[in-house]
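Starting from the known structure of chain P, fit chains E, A and W onto it as the hints suggest.
Residue numbers (the numbering used here), protein chains in the order written: chain P, 263 to 623; chain E, 263 to 623; chain A, 263 to 623; chain W, 263 to 623.
Mixed in with the good hints there might be a few duds.
Same chains, same label: a pair holds when it works inside one copy or across any pair of copies.
The calculated lysine-lysine pairs, modelled on BS3-like cross-linking and capped at a C-alpha distance of 27 Å, are [what the hints assert, rightly or not]:
1. K359 - K460
2. K359 - K579
3. K359 - K337
4. K579 - K531
5. K531 - K459
6. K531 - K408
7. K531 - K359
8. K328 - K460
Derived by calculation from the structure, the hints in this document are not laboratory data.
There are 4 protein chains.
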Amino acid sequence: MAGNSIGQVFRVTTFGESHGLALGCIVDGCPPGLEISEADLQVDLDRRRPGTSKYTTQRREPDEVKFLSGVFEGKTTGTSIGLVIENTDQRSKDYSKIADRFRPGHADYTYHQKYGHRDYRGGGRSSARETAMRVAAGAIAKKYLKQEFGIEVRCYLSQMGDVTIDKVDWDQVEQNPFFCPDESKLEALDELIRALKKEGDSIGAKLTVVANNVPVGLGEPVFDRLDADIAYALMGINAVKGVEVGDGFDVINQRGSEHRDELTPEGFKSNHAGGILGGISSGQDIVAHLALKPTSSITVPGETINVDGETVDVITKGRHDPCVGIRAVPIAEAMVAIVLMDHLLRHRAQNAGVHTTTPKI
Amino acid sequence: MAGNSIGQVFRVTTFGESHGLALGCIVDGCPPGLEISEADLQVDLDRRRPGTSKYTTQRREPDEVKFLSGVFEGKTTGTSIGLVIENTDQRSKDYSKIADRFRPGHADYTYHQKYGHRDYRGGGRSSARETAMRVAAGAIAKKYLKQEFGIEVRCYLSQMGDVTIDKVDWDQVEQNPFFCPDESKLEALDELIRALKKEGDSIGAKLTVVANNVPVGLGEPVFDRLDADIAYALMGINAVKGVEVGDGFDVINQRGSEHRDELTPEGFKSNHAGGILGGISSGQDIVAHLALKPTSSITVPGETINVDGETVDVITKGRHDPCVGIRAVPIAEAMVAIVLMDHLLRHRAQNAGVHTTTPKI
Amino acid sequence: MAGNSIGQVFRVTTFGESHGLALGCIVDGCPPGLEISEADLQVDLDRRRPGTSKYTTQRREPDEVKFLSGVFEGKTTGTSIGLVIENTDQRSKDYSKIADRFRPGHADYTYHQKYGHRDYRGGGRSSARETAMRVAAGAIAKKYLKQEFGIEVRCYLSQMGDVTIDKVDWDQVEQNPFFCPDESKLEALDELIRALKKEGDSIGAKLTVVANNVPVGLGEPVFDRLDADIAYALMGINAVKGVEVGDGFDVINQRGSEHRDELTPEGFKSNHAGGILGGISSGQDIVAHLALKPTSSITVPGETINVDGETVDVITKGRHDPCVGIRAVPIAEAMVAIVLMDHLLRHRAQNAGVHTTTPKI
Amino acid sequence: MAGNSIGQVFRVTTFGESHGLALGCIVDGCPPGLEISEADLQVDLDRRRPGTSKYTTQRREPDEVKFLSGVFEGKTTGTSIGLVIENTDQRSKDYSKIADRFRPGHADYTYHQKYGHRDYRGGGRSSARETAMRVAAGAIAKKYLKQEFGIEVRCYLSQMGDVTIDKVDWDQVEQNPFFCPDESKLEALDELIRALKKEGDSIGAKLTVVANNVPVGLGEPVFDRLDADIAYALMGINAVKGVEVGDGFDVINQRGSEHRDELTPEGFKSNHAGGILGGISSGQDIVAHLALKPTSSITVPGETINVDGETVDVITKGRHDPCVGIRAVPIAEAMVAIVLMDHLLRHRAQNAGVHTTTPKI
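With the rest of the complex left out, here is chain P (with noise of 0.2 Å):
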């Protein structure tokens, strides 16, 4: 059933496949008014893109996200904005090889099984392609978090393979391929894909997501709980195998004495909450850990089976990532954007007006 679609006032719904004629989305539910232009949500696409270093796929995709609706004289109108990128490098051919059989690691399988007929070129819906119609969604509420409320939702490279990286100096971000915060691993992690690529392997990869400025009492106390809809949306990115709140499975073995956070009259001691308690924004930054399996697209011989059931090798051809973690920066960003976009705008129906004690949104 119905199943393209994220979010419940702030709404996005996609559609698209890798080597379809376009990818594209509908945002519905943006406040009309903000100040909006196809280069806004083209700065987040270009950091998703693939091609734009030596350590990510070579494949070149443009990207170039069109309006095709809701903006008008460079404001949202309040009704639903459309988007479409044209796929134009499809090459479809590097993956014809592999229509009949299902890639270990991969969708296919699953595809199949659900679905009797699937569109097998380059992982069809499946494509890590499609993220791109979530970047640009997610830039739209980053903008208008940013503008109204000036929250920002940022995220950086936190492991990969057994490099792992503490220290965080937000401005180094940007300025590597790694989205790597910290400019002493540069190097490790430069030798970590050199090698995965001459062994045609791949690796896993741990991000965090942080966002600053966010309002208190955002999140519902039972189902819709902003951490839950936050592991939902992050756990719902290609190839994420786990989601933490703060401290994560740290928890496991610490004490009550040590984990609760204390408050005082200048705010709390510590944050290993991660921002969020009893599921609702505490007004400390939302902190949030994401785990990337190693792609399956590898060029290591593997078993598998084909749709008669037979045992064939498969081996994936083609321009892959040895770390997709990496291009997932831009797109845990998005997402918890677009579940902070929702929440905010939520909080606003149910509170604004009327009671008076509470710090207003």
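For chains E, A and W alone, kept in the frame of chain P given last:
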């Protein structure tokens, strides 16, 4: 805005505060003709119920669930099922001392800021007591999944503090109050809990949920993915700070050639993916892990502020679990069962009767 | 699938059958801080309640509503509000004779075909008794609309059989058991009802709902239009077969030059549109009409089939209204109030704080 | 907030303004394996298209629809279907004179008040041109309904001004530009339209939609009733002011003994109910009527105000239909088809495979 529902085709909406008159929920979308009785639900409610062992809180909540509608002559009618549990052992006096102050690590502060007006008795809506209704609703889903598809959703304690549990003997799980699948770890767990009680402190935990016999094909490809919905459902449980599917955070340091699950005519060779590929179930066991924080309801004094912003001390008296993770076992099962139920019905909506090459659900 | 909810931001979900233990509903999304008591709801419940005059059924249903959650110290908390009404005067014996046959004009046949297994006692879920919960939920919406925006939603009987009512004196409406706004028609209505009782037959009715002080700007432009949502809400009331907004079916023979409501600096010159243009409220009174069929619960014998497909006679004994339209007055008000409440909160979500040229809600 | 979608399991979301770059929509939830081509959609688009006869506007809009995704090798894949129609004949000059004033009877005023910032070119989002995408999406639903269930959804003109049409000859409907099922009324309709053109005025219309072969059991019992969803869908069409199911407003003066449709072993004896009982399809023809107002796009001068609140005159130049009701025929069919499609898939979700006494869908 509305935020107390989970599911789209099979939808559960809950209400009720810890110390109000009653908890309740509406289960909407259950197929007609399912044989069900209150006793079917009581089994899981009793597994969640506090006061059943010396390791959990000594509050006694009989948690007797009652069908108010939707079941006629022992079978579901297909219309909405109303459920209630009356609150009997309320003792609101215990909580009166913390009405004006925000317990660190609890949702007191965020509720106060969000709503202005909050029910402070026992955490009100943020109390884990609310999860009783999730367990009740989940029991209906579990019965349907088991009966119609042979699906079982089970959960066990996989870590508490530094006590890790690797051996999984399902027969053990229900034999001890920890839901621990390894008999050899029971003594260590017992010691840990006793030490914490003495200290008045608490500890985190890790749980593992496994669903077997899940048909291939459940989950939508982009946003309503099965993994994303499981992440949403589990992160929405009180105290959860992290969720993993399959290998989870271990993927960060895996190679693609190692992570991908190869296929043979007999099936997959491994299950690093945790039974989900591209957001869609693969027919393997669904495996998910969750991390639960140590409860902040401890007697170790902490620093906080009151509603006037002044520094005050806080000690949570009352009867609390040193490890809330234990009682989350049936809750985690219920949440995953609700998600699977919703996706099974969704899948049936879209796919039945159209293409014939795919195994029908 | 799930289908017992109305509204998106302010959402009402109901449960309960005519002769089950209780009726209930969850009102989710109500802003916090609204002063509300059970007595506020009882007023409308009593207006809907049967047995209050000789013109309606003599069944006695005290319909005492109880808050189970969501209200604390006399004010809404912002969390989900649980409501129940226990069924006391059930007398299921009255209905036992029709358990195996399908009353013509009732939902017996369609429920049986849809669900296979149905609660036949008093119509089960299809009973008009279910609307008590809509009235209770609507009363919460009405109180909020009145208090925060001065909006009033009122309804009157505008026709019964061939007795048309053109004069609208709002002060009269609550003075007589017909909700008739024209005192001079009371005698004709009384005669009609008495004649029907003698014949054991029933009659249809037309109601008119008016909402005033509705701010301009409510409603979404394409699908969640205010007029479409009102049509949905009113057509969803038992027995309703037609809905009009503004001039309704009269527009078929109107000219454009006659229908369009011209604007002057003082406001609109007329209100043919019924307060809605392009799906969005214009700031004028919202005016809608609805047509209710004559109930099929009559003593005039009718022909039908039983569950085995054999021809049988049916007479609906029991205590029934000759004109169910009368009691639908508070239901129609409730439904329109729920729709307006939802749209007010929705509007606030999208628009508040963004553009400054538009009057704020 | 988000408000450009219809349907839950089969969901259509549209975007696009009258004079923007393109119109588009996403059809989400269509089952896989349905053979479909752009030509299948074009048939209905051409029926809706202006400029095809002398009775409708002479604007020429080729309305060529293009699949951007979701269809592969001539069959739906089960993923979201992206559709666009580029706007070619825009002529925004025609509308420039009315940019600063509110055309009476149009949505100019309400859009301005709601959004502050509106696309005034040709009505922007409120233009009937938006309905092209509903027709395109509806054509997909129609094809599926026809192919899988033999369901046909058809519509005809049942009244225009004072020309009533009682004889229904389905073979006639597509033979004349009025979609009139009675050949003997063509001359009267021709005269009426010619008179209106001379006067520069417009007229309302009544349409009747009939769906046959609809299985019994579609529709949810309380809120997502089939009749309520049809009312929502039809009232949501531009210019519609009234909707009836079955006998509609005639029920006001019917007796219960006359209205109820008696059952015999061979089926129902009559169809006053219009194929829906208790919100659920009865297996009879679904019959609904809708009333469309006369368009306000006329050359008869009218009084209005401009954005500064000053009195001004307004004349709608340009190329407009004297009776917009005519072109709404394929739109009404599309909307009912979308509703039926959604309910068929919903019904399948809940009911398949559970109880065996009910005919399966």
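Outcome of the hint check:
1. Taking identical chains as interchangeable, the C-alpha atoms of K359 and K460 lie at most 27 Å apart only when both belong to the same chain, with a minimum of 23 Å there against 65 Å between chains.
2. Within a single copy, K359 and K579 get their C-alpha atoms as close as 9 Å, which meets the 27 Å cut-off; across copies the closest is 59 Å, which misses it.
3. For a Cα distance limit of 27 Å, the shortest separation of K359 from K337 across copies, 21 Å, qualifies, whereas the shortest one inside one copy, 46 Å, does not.
4. With identical chains, the CA atoms of K579 and K531 are at most 27 Å apart between copies only, with a shortest distance of 23 Å across copies and 52 Å within one.
5. In this assembly of identical chains, K531 and K459 lie within 27 Å of each other by CA distance solely across copies; the values are 26 Å between and 45 Å within a copy.
6. For a Cα distance limit of 27 Å, the shortest separation of K531 from K408 inside one copy, 26 Å, qualifies, whereas the shortest one across copies, 44 Å, does not.
7. In this assembly of identical chains, the alpha carbons of K531 and K359 lie at most 27 Å apart only when taken from different copies (23 Å versus 57 Å within one copy).
8. For the homomeric pair K328 and K460, neither the shortest alpha-carbon distance inside one copy (38 Å) nor that between copies (43 Å) is at most 27 Å.
In summary, the structure is inconsistent with hint 8 from the numbered list given earlier, while agreeing with all the others.
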